[in-house]
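Number of protein chains: 2
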Amino acid sequence: MGRWAPDARGRLIRSALELYAERGFEQTTALEVAERAGVTERTFFRYFSDKREVLFEGSRNLQDVIVTAIAAAPSSTGSIDAVATAIESAASLLPNREYSRQRAAVIAANPSLQERELLKLATLAGAMVEALHRRGVAKLAAGLAAETGVTVFKIGFETWIGDESTQELAQCIREALDQLKNLTAGA
Amino acid sequence: MGRWAPDARGRLIRSALELYAERGFEQTTALEVAERAGVTERTFFRYFSDKREVLFEGSRNLQDVIVTAIAAAPSSTGSIDAVATAIESAASLLPNREYSRQRAAVIAANPSLQERELLKLATLAGAMVEALHRRGVAKLAAGLAAETGVTVFKIGFETWIGDESTQELAQCIREALDQLKNLTAGA
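Protein chains in written order, with this note's numbering: chain G, 589 to 775; chain V, 589 to 775.
For the record, the hints were derived by calculation from the structure and aren't laboratory data. There could be a bad hint or two in this list.
Any copy, or any two copies together, can satisfy a pair, since identical chains are not distinguished.
What the hints assert, rightly or not - The list that follows gives simulated cross-link-like pairs (lysine-lysine, DSS-like), each with its CA atoms no further than 27 Å apart:
id: 1; residue 1: K639; residue 2: K769
id: 2; residue 1: K742; residue 2: K769
id: 3; residue 1: K742; residue 2: K639
id: 4; residue 1: K708; residue 2: K639
Only a predicted model underlies this, so the values are computations on that prediction, with no experimental measurement involved.
Please put together the full structure from these sequences, using the hints given.
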């Protein structure tokens with residue numbers, strides 16, 4: 589298949605996830621991912637810097653959407669609600685539940701993928717801190733609000749991909765925030 | 589110097605931090621760390637599995653102390669307060685502020701060290717979730733409390749190593765929790 593085959597990026601992402609799930613991440617090469625996607629290894633590396641990054645496609649876009657939404661929140665909105673609402677608004681950008689569930693299982697099986705995932709979330713937290721600073725939120729409060737945003741995203745995501753889940757991701761995130769408010773109020 | 593030189597582990601840790609700060613983590617080899625500490629490379633690898641782990645000495649002990657303290661909290665204590673109090677009680681186990689500051693700077697300068705640090709904190713969160721489960725805390729609440737514990741630890745730690753810091757780490761963690769409670773109540 590030629591280098592301009594349509595949606596090479598999408599096919600690379602799907603092929604990578606399939607192979608990582610079937611054989612394990614360590615046992616799969618970029619060349620094998622490229623072959624299953626019907627492109628060359630060179631094409632793989634035109635889209636992704638390494639074997640890990642193919643699982644984190646879209647994280648930069650997600651971050652940009654969240655930062656923009658924080659900036660657009662009414663000035664009367666508290667910092668934690670501004671962050672949580674921004675994350676909820678970006679939830680629809682994530683791949684569907686089945687893909688997300690499979691991706692989470694692949695990441696959970698490999699410490700180096702877990703590390704990359706955590707670094708992406710920390711980078712997101714840093715970007716949210718900057719967005720809050722620009723709203724005039726002080727350093728300590730901005731750090732707490734951003735980390736809490738990551739917390740409700742992580743916990744909401746876990747609920748969403750769980751076996752008994754029936755709700756949308758945004759709703760799972762909102763419920764995680766509501767429960768966190770109850771926990772901190774009752775503690 | 590012989591292989592049974594006293595406190596080889598402590599000297600390796602101090603030598604590693606010095607060299608990583610002076611030359612950068614990537615530019616330093618385990619052999620160079622061993623030589624500065626006056627031991628063989630083989631001794632280095634008897635204590636540490638790789639060049640990164642030398643900066644995370646004690647994290648397992650810290651985790652054990654925190655888990656034990658969560659188990660020992662009065663049953664009337666809420667999950668977030670049980671976690672935060674446990675983390676505060678372990679704060680005195682961390683190295684002094686100057687070492688911690690230098691270590692944080694070395695980690696901030698290198699993404700692979702940041703990733704390892706984040707994975708250690710995620711592992712700690714997982715252990716806290718288990719400890720909360722054993723107290724009968726439900727899954728969602730346990731996850732939120734554990735992640736919030738990591739948040740107040742991270743933010744309290746940043747305050748503690750900051751230039752204007754005058755308080756003990758435990759106090760910085762407590763203040764981060766108090767401010768988080770204010771933020772969630774006011775949001």
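Here's how the hints hold up against the structure:
1. K639 to K769: Neither way: K639 and K769 sit 39 Å apart in one copy and 41 Å across, limit 27 Å.
2. K742 to K769: both (16 Å within a copy, 20 Å between copies)
3. K742 to K639: within (23 Å within a copy, 30 Å between copies)
4. K708 to K639: Both, since 15 Å and 23 Å are each at most 27 Å.
In summary, the structure is inconsistent with hint 1 from the numbered list given earlier, while agreeing with all the others.
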